[in-house]
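Student: Those protein sequence lines, which keep their order, are chains L and D. Residue 161 in this note's numbering sits at position 161 of the first sequence, and the numbers go up by one each step. Residue 153 in this note's numbering sits at position 153 of the second sequence, and the numbers go up by one each step.
Just to be clear, a hint being listed does not mean it is correct.
Over the 12 angstroms line for every Cβ pair with chain D, so calculated as not near, a few chain L residues [to be verified]: (1) 47; (2) 57; (3) 74; (4) 101; (5) 149; (6) 160.
Okay, the calculated beta carbon distance ranges per label pair [what the hints assert, rightly or not]: (7) L:123 / D:58: 13 to 23 angstroms; (8) D:250 / L:49: 34 to 44 angstroms; (9) L:140 / D:117: 51 to 61 angstroms; (10) L:50 / D:208: 28 to 38 angstroms; (11) L:122 / D:130: 19 to 29 angstroms; (12) D:251 / L:140: 49 to 59 angstroms; (13) L:65 / D:167: 48 to 58 angstroms; (14) L:65 / D:222: 55 to 65 angstroms; (15) L:147 / D:20: 16 to 26 angstroms; (16) L:140 / D:228: 12 to 22 angstroms; (17) L:162 / D:382: 30 to 40 angstroms; (18) L:73 / D:352: 36 to 46 angstroms.
If you want the footprint, here are the derived chain D segments under chain L, 3+ residues with CB under 8 angstroms [claimed, not checked]: (19) 153-167; (20) 177-189; (21) 226-240; (22) 331-345.
Since the hints were derived computationally from the structure, they do not count as laboratory data. Backbone N, C-alpha and C define an ideal beta-carbon position, used for all residues, glycine too.
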Amino acid sequence: MHAKSWFTVALAVVALGLSACAKQPPAQEAPKPQPKQEQPKPKPKPEKPKAQRPQQDAVYFAFDSAALDERARATLDAWAAYLNDHPDVRVRVEGNCDERGTREYNMGLGQRRADSVKNYLVEHGVAADRIATISYGEERPVCTEHNESCWALNRRADIRIQ
Amino acid sequence: MRLLCALALLVATIGHAKAVEFEVFQSQARPLAVALLIKAPTESEEALARQVIERDWTMSGALQSLDPLLFVADPEETWHEVVYADWRVIGADALVLVRLEQQQGAWRGKAVVHDPFQMRKLNEVAIQAATLRRAAHQAADAAFAALVGVPGHFASRLYYVRKTKQGSVLVRADADGGEPKTLLGPFELLLSPDATPGGGRLVFTRFANGKPAIELFAGGKLTRIASFPGLNATPALSPDGSKLAATLSLHDNEDIYLYDFASKRWQRLTHSPAIDISPTWSPDGKRLAFVSNREGSPQVFVMELATHKITRISWEGRYNTAPAWSPRGDWIAFVAMKNFHYALAVVHPDGTELRYLATAERIESPCWSPNGWMIAFTVQEGARRGLAVVPVRGGKVHLLTKRSEDASDCTWAWR
Chain L
1 MHAKSWFTVA LAVVALGLSA CAKQPPAQEA PKPQPKQEQP KPKPKPEKPK AQRPQQDAVY
61 FAFDSAALDE RARATLDAWA AYLNDHPDVR VRVEGNCDER GTREYNMGLG QRRADSVKNY
121 LVEHGVAADR IATISYGEER PVCTEHNESC WALNRRADIR IQ
Chain D
1 MRLLCALALL VATIGHAKAV EFEVFQSQAR PLAVALLIKA PTESEEALAR QVIERDWTMS
61 GALQSLDPLL FVADPEETWH EVVYADWRVI GADALVLVRL EQQQGAWRGK AVVHDPFQMR
121 KLNEVAIQAA TLRRAAHQAA DAAFAALVGV PGHFASRLYY VRKTKQGSVL VRADADGGEP
181 KTLLGPFELL LSPDATPGGG RLVFTRFANG KPAIELFAGG KLTRIASFPG LNATPALSPD
241 GSKLAATLSL HDNEDIYLYD FASKRWQRLT HSPAIDISPT WSPDGKRLAF VSNREGSPQV
301 FVMELATHKI TRISWEGRYN TAPAWSPRGD WIAFVAMKNF HYALAVVHPD GTELRYLATA
361 ERIESPCWSP NGWMIAFTVQ EGARRGLAVV PVRGGKVHLL TKRSEDASDC TWAWR
């Protein structure tokens with residue numbers, strides 16, 4: 001399927017960016033993943049197949065913003081589907097910022113980003129007590145170069161299964 | 001005081017001139033010229049004491065030591081009798097005599113301050129300290145107090161965070177960055193330390209197992225104050241140490257809360273849906289300044305604790321954060337950012353008389369000397385991070401910590 005191959009390419013770009021740091025930030029125009037796409041192989045179970053763990057763990061933000069763009073919402077839709085199918089799974093959302101701005105304010109902004117992810121998941125049916133949030137401000141960058149492609153990778157919220 | 005009124009042009013060379021976003025305030029005040037005579041057991045001890053005192057005075061921007069080659073009076077005779085005309089003729093605004101002796105492992109002595117124009121002794125202070133450097137700081141303080149009319153900050157203590165390979169440690173050093181000693185740590189992460197003016201109580205945010213908590217360090221003991229879900233950040237002790245203001249996200253929103261150590265109760269102070277963070281107390285404990293993006297971008301606001309009335313005080317630029325209220329109450333320091341250039345700014349608590357005191361590639365976390373004369377702050381140039389100071393009335397920026405040391409997040413107390 002055309003959309004599916006694009007999605008795979010987008011994922012590869014993200015993986016490269018995360019590992020190599022100097023690469024481009026996540027592609028902007030990746031299409032929304034459909035719940036079916038989270039299911040590459042049909043399971044032999046007779047009932048409705050459960051959503052698999054999304055491959056994308058991070059959502060990204062603009063500078064000094066905690067707003068979720070379309071791409072972030074697509075990632076979170078996949079997480080909401082997965083969490084709703086697996087009621088025993090708990091997650092921790094970790095909010096992060098790029099190095100610009102001031103450290104104290106970035107602690108608040110990182111929390112705001114984590115909360116923004118949590119609120120979206122709660123609005124999509126996940127119980128609030130299954131989601132812990134934390135802010136690392138700008139203290140835990142995944143990329144330490146001083147350029148926009150690196151900063152874009154650091155302005156993120158990571159979803160981690162606990 | 002009369003001497004302070006003498007004006008000359010002091011061209012302050014602050015930071016790098018590349019940041020055109022900020023016009024750095026140029027101080028019109030000139031330092032007083034001070035003739036310094038020191039007597040210590042050995043020449044090398046005299047030299048060290050002179051070096052410490054001269055650097056203290058220079059960094060303050062208030063006093064400047066005169067070159068001893070200018071002296072016409074015989075130093076030996078001056079110890080017995082001060083001939084004021086000999087000091088007036090070389091342009092000394094003051095004469096400071098420092099005598100230091102080592103007795104039973106400690107340093108003792110005295111500092112005497114003379115005014116050659118009024119032809120009288122202004123001040124005489126007994127010195128007692130564990131090390132020669134600390135004795136020298138006390139002597140520097142004696143002159144500062146007599147000549148500037150404000151208690152000196154040179155013997156006070158600077159607390160800051162040093163990042164090491166093992167983690168973050170809390171360091172206590174002299175006000176000039178000398179004799180740094182590790183007090184606590186290493187910890188996973190240590191942020192935003194804040195001490196009472198006396199230095200007896202200290203709070204900070206510490207991460208343990210990936211989670212932040214607000215902790216109190218007092219009497220050699222570490223006590224956990226807050227470890228709520230979400231944010232536990234930017235604690236600030238009231239000047240009397242009885243209360244704590246901090247940022248929590250208890251209601252899925254970053255707000256300022258007040259904690260009372262006696263009742264152990266938390267009270268929510270702000271209710272804006274915006275990010276409210278980084279509270280700092282007025283010295284009378286009646287107001288808090290803090291950062292909020294309630295009007296779109298982060299700006300500094302002041303809240304009256306009695307009425308909860310909130311007033312915005314930063315109006316220039318879109319990004320003003322990290323406020324620190326002067327212990328004298330007259331200024332609020334903060335970090336301003338325009339087009340990703342940073343400046344250290346001060347403004348009166350009513351929002352008037354904004355001044356930029358320093359610019360750098362990056363500036364963070366200002367803190368005040370306990371006498372309100374100096375502001376220390378984190379500067380970053382490239383990968384190097386350290387602490388620098390600048391006088392609040394404007395002047396030259398001096399680095400306090402070694403370039404090799406990753407120092408940040410200061411708080412400054414008398415002891």
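Student: Indicate, hint by hint, whether the structure satisfies it.
Tutor: Now for the hints, and whether the structure bears them out:
no.	hint	verdict
1	47	holds, 35 angstroms
2	57	holds, 16 angstroms
3	74	holds, 23 angstroms
4	101	violated, 7 angstroms
5	149	holds, 16 angstroms
6	160	violated, 10 angstroms
7	L:123 / D:58: 13 to 23 angstroms	violated, 60 angstroms
8	D:250 / L:49: 34 to 44 angstroms	holds, 39 angstroms
9	L:140 / D:117: 51 to 61 angstroms	holds, 59 angstroms
10	L:50 / D:208: 28 to 38 angstroms	holds, 35 angstroms
11	L:122 / D:130: 19 to 29 angstroms	violated, 58 angstroms
12	D:251 / L:140: 49 to 59 angstroms	violated, 25 angstroms
13	L:65 / D:167: 48 to 58 angstroms	violated, 31 angstroms
14	L:65 / D:222: 55 to 65 angstroms	violated, 36 angstroms
15	L:147 / D:20: 16 to 26 angstroms	holds, 22 angstroms
16	L:140 / D:228: 12 to 22 angstroms	holds, 20 angstroms
17	L:162 / D:382: 30 to 40 angstroms	holds, 38 angstroms
18	L:73 / D:352: 36 to 46 angstroms	holds, 45 angstroms
19	153-167	violated (count 0)
20	177-189	violated (count 1)
21	226-240	holds (count 5)
22	331-345	holds (count 3)
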